[in-house]
Amino acid sequence: MRHYEIVFLVHPDQSEQVPAMLERYKGMIAAGNG
714 MRHYEIVFLV HPDQSEQVPA MLERYKGMIA AGNG
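Following this note's numbering from start to finish, the sequence shown increments by one per residue and tops out at 747.
Simulated from the structure, these hints should not be mistaken for lab results. Because the structure is a prediction, the values reported are computed rather than measured. Where a beta carbon is used, it is the ideal one built from N, C-alpha and C, also for glycine. Where hints are given, some of them may not hold.
[Stated by the list, open to error] Per label pair, the in silico range of CB-to-CB distance:
id : residue 1 : residue 2 : range
1  : N746      : P725      : 32 to 40 angstroms
2  : L722      : G745      : 21 to 29 angstroms
3  : A743      : V720      : 17 to 25 angstroms
4  : D726      : N746      : 28 to 36 angstroms
5  : N746      : H724      : 24 to 32 angstroms
With the hints as extra help, turn the sequences into a complete structure.
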């Protein structure tokens, strides 16, 4: 099994949106059987 780490940078002005971004990415990964 392969293991990947994802790192992304967020502009401080968008810091309030981070929880929504994380949920969106988790959903994309789960949908792709990741």
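Going down the list of hints, with the structure as the test:
1. Remark: the range hint 32 to 40 angstroms for N746 to P725 is upheld by a beta-carbon distance near 34 angstroms.
2. Between L722 and G745 the Cβ separation comes to about 23 angstroms, which falls inside the hinted range of 21 to 29 angstroms.
3. Against the hinted window of 17 to 25 angstroms, the Cβ-Cβ separation of A743 and V720 comes to about 19 angstroms, which satisfies the hint.
4. About 34 angstroms separates the C-beta atoms of D726 and N746, a value consistent with the hinted range of 28 to 36 angstroms.
5. At roughly 31 angstroms, the beta carbons of N746 and H724 sit within the given window of 24 to 32 angstroms.
Taken one by one, the earlier hints all hold for this structure without exception.
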